[in-house]
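Here is how the chains run, residue by residue.
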Amino acid sequence: MQAITLNNIEKKYGSKKSTVQALRGISFEVDKGEIFGIIGPDGAGKTSLFRILTTLLLPDNGTATVDGFDVVKDYKIIRRRVGYMPGRFSLYQDLTVGENMNFFATIFNTSIEENYGLVKEIYSQIEPFRDRRAGKLSGGMKQKLALSCALIHRPSVLFLDEPTTGVDAVSRKEFWDMLKRLKEQGITILVSTPYMDEAAMCDRVALVQAGSIMSINSPAGIIREFTNPLLAVKADNMLHLLNDLNKYEGQADSYPFGEYHHVVMKEKGLENDLENYLQKKAHQNLEVKAATPGIEDCFIHLMKKE
Amino acid sequence: MKQFIAFVKKEVHHIWRDKRTMFILLGMPIVQIIIFGFALTNEVKNSKIAVLDYSRDDASTSLIREIGASRYFEIDRVLYNNNDIEKTFRGGEIRLVIVFPPHFNESLKHYNKAQVQLVADASDPNLANTLTYYAGAIIMDYQKRITQDRKLPYTIHTEMRMLYNPELKGAYSFVPGVMAMVLMLVCTMMTAITIVREKEMGTMEILLASPIQPVKIILAKAVPYLLLSMVNIASILLLSVFVLDVPINGSLFLLIGESILFTLTCLAFGLLISSSTDSQQTAIFISLVGMFLPTIMLSGFMFPIENMPLPLQIISNVVPAKWFYMIVKDVMIKGVGIGAVWKETLILAGMMLFLLVISIKKFKIRLA
Amino acid sequence: MSGEKVIMVDGLTKRFGAFTAVDAISFEVNKGEIFGFLGANGAGKTTAMRMLCGLSMPTSGKARVAGYDVYQENEKIKRNIGYMSQKFSLYEDLTVKENIRFYAGIYGKSDHFIKEKTAVILKQLFLEKEANKLVGSLPPGWKQKLAFSVAIFHEPQIVFLDEPTGGVDPVTRREFWKMIYEAAEAGITVFVTTHYMDEAEYCSRVCIMVDGRIDALDTPQALKKSFNTASMDDVFIKLARKAVRTGD
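Residue numbers (the working numbering), protein chains in the order written: chain E, 1 to 306; chain R, 1001 to 1368; chain U, 2001 to 2248.
No lab work stands behind these hints, which were simulated from the structure alone. Hints should not be assumed to be uniformly reliable.
According to the in silico footprint, chain E covers these stretches of chain U (three or more CB under 8 Å from chain E) [what the hints assert, rightly or not]:
#1 2011-2023
#2 2028-2042
#3 2077-2083
#4 2092-2099
#5 2118-2132
Over the 10 Å line for every Cβ pair with chain U, so calculated as not near, a few chain E residues [claimed, not checked]:
#6 120
#7 173
#8 238
#9 282
#10 304
For every residue, glycine included, the Cβ atom is placed at its ideal position computed from N, Cα and C.
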């Protein structure tokens, strides 16, 4: 049995005059014990998707199950079984760390003691501050508290909507390490993120854009789907370099990528041709080399294809 | 049950930690009672008046002395002719002049019929009314006494007795009014905000995705405000009895019971607003327009309902505060028992149940 | 790069009670530079940026922005800088045109100037058809690009960007950075904070704050070399792991 299934889920918002199609027929399945990533920018429909799966929204069309239960009919059962951490920090800022934990434990008909083993690793990091108001915690600690609260009833499926947004790189790394260890405890995790580099931490990912899935695969699988040769190019004046690259005929796409510009080539074996072309444009300290595509390259590629 | 208690505890924490709001909620009844009791009173106390006495005889002098001795008036000056009257009023300090025509004693004693003229500055009609009424009462009193002394048959005898509130104390009418207003504010407005706030903060999302039932959320949110209102009821009653000398003529037990009933009605209304709006602003606006204004305007507390045009009289029937105001007046001031107010009580109870059921029904189990 | 300094900071400090949010930082920013300002949550980035924008009085130290002193001439600073953040940008219930007009009006630009420049911007952003649509109805990426155009509408010397690309899709993010490059080439100095480490690589120089101090300041290449790492991500993590304090 799959932990999560979605079958052609659609969701529209707005009035008759202006409707926003948030989800355009989303289908996928998540296996038990998997970390499944929904990767996409703001407005891709990630939050709508999470809300439908956590029974907070009704889909306009399509069916979905969580832990084998229907998200519309069996909403009461699902609410007992899942853990949900919304995108916005959603704990009581005027309650202390301990009070928040106790409250959510009781709401889920359990107690901190009962499931302490599961949350121990995360909660022990914030336990020294148990008498501090949640509103006074740092971003990283708030996130740990929110995760502890979402885990306290030992959910079978954990929904994390953009848990790392606005969090600095160090806290983000720590957070993903925590998720890895939760996975070992057998919890299925559906997590969304706008950061492409975090895709690598998931077992499988769905790249979403404007309410549709562009690709579903393992991170390595997604990268394998990227078949065009990719070059990395840099020179002193990066803006002029980019403008020149865009005029080059052998390229399918060029865009800044960190220190370099990435150039997606139409076919193999054009490296020298490109270098000659750029040298004619008098670029200083020119460097052209082969590059391995990342998830972000794939995302850009898929976005432009549509 | 454990869920429910945990939820109530959480709500208590919210209220307790927002000290400023809590002090406002608890201080409001005290401030209002004091403002209404001392500052906004339309009672007359040591009002300065002037006397124009053309007779200067026994009867007029003793009557003037009597008026001056009463706690309502203080004879500020004596005038000598009619022209002075207007001048005095222009000064603004004096609102009433008592004019004795010549031969006052003679007319009274020989013809059993004497005239006294009360000239009032009616630019404030309410005040003018009260002043002339008080002065008239003192004069009538005097007349009554001399009539009894002499057993003379012809004197006009007009009795104006003010039942239940012989001194026409304002407190008798505003204490029930303030009670309605304060309970209204605390219960409706605060509960109207409380669920909406969770929606705005995003915490409602987690609550909805958890197994707790909507009924528990709604009832748990009502409990702390009910307790808070009990404190307010107590402070209003204590202040009324010990500071404003308003007696509780009826059963205290009944009075408190009725107050709780009204509180519950307000809570139910607040919860209804809260479950059907999405922002605190809208919730506050609706509770102000939907509850607070009608409470002031249509409960009979500020303006008598009998004097309103028929449509407003009809509308006033759906204002819970109207019924509560009637009940409190009857129980507290008239001292009647449940037998006399069971109809109003039933109406309030019906309103409460109706609002509560709708607010639970309207509570969305999903976000949209 | 010309030698003109548009931001000069020397020993700038901000204390809140016993807490030193910004601890005697010193740096200079050249005209036309893209200056990346990085740091973990709570490192003091926002506080430092507020002082430079003339929104918050420093406790001690010196700072001149766009040639004006942050203590005495903060009103002049505000007139010569632009500001944009992910959180505060445009009014969703006003149209594209109304937003532009409003912000340009704040800076006292003439009607003629506003009219001409509005046309240019709408064309650049391919928003001509959407000029009279509410900003709230635009896709998030477009909003960010429009917000940036509005922030530099009055042709400021410096534009401060506070995490301008959070949550924006990778294609729009790059279009956004292209606009930043173009602004820099036109002589506008860009002061930018970001959580995307690949964006740090786009900057001319990067400064990394840890616990209120500046722990590193150099070109991305030089930083990677001196920390002996392959990416800015690793540089950042090496530095930020040393942080003692946490906070927002």
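- Query: Which earlier hints turn out false for this structure, listed by number in ascending order?
  - Reply: 1, 3, 4, 5, 7, 8, 10
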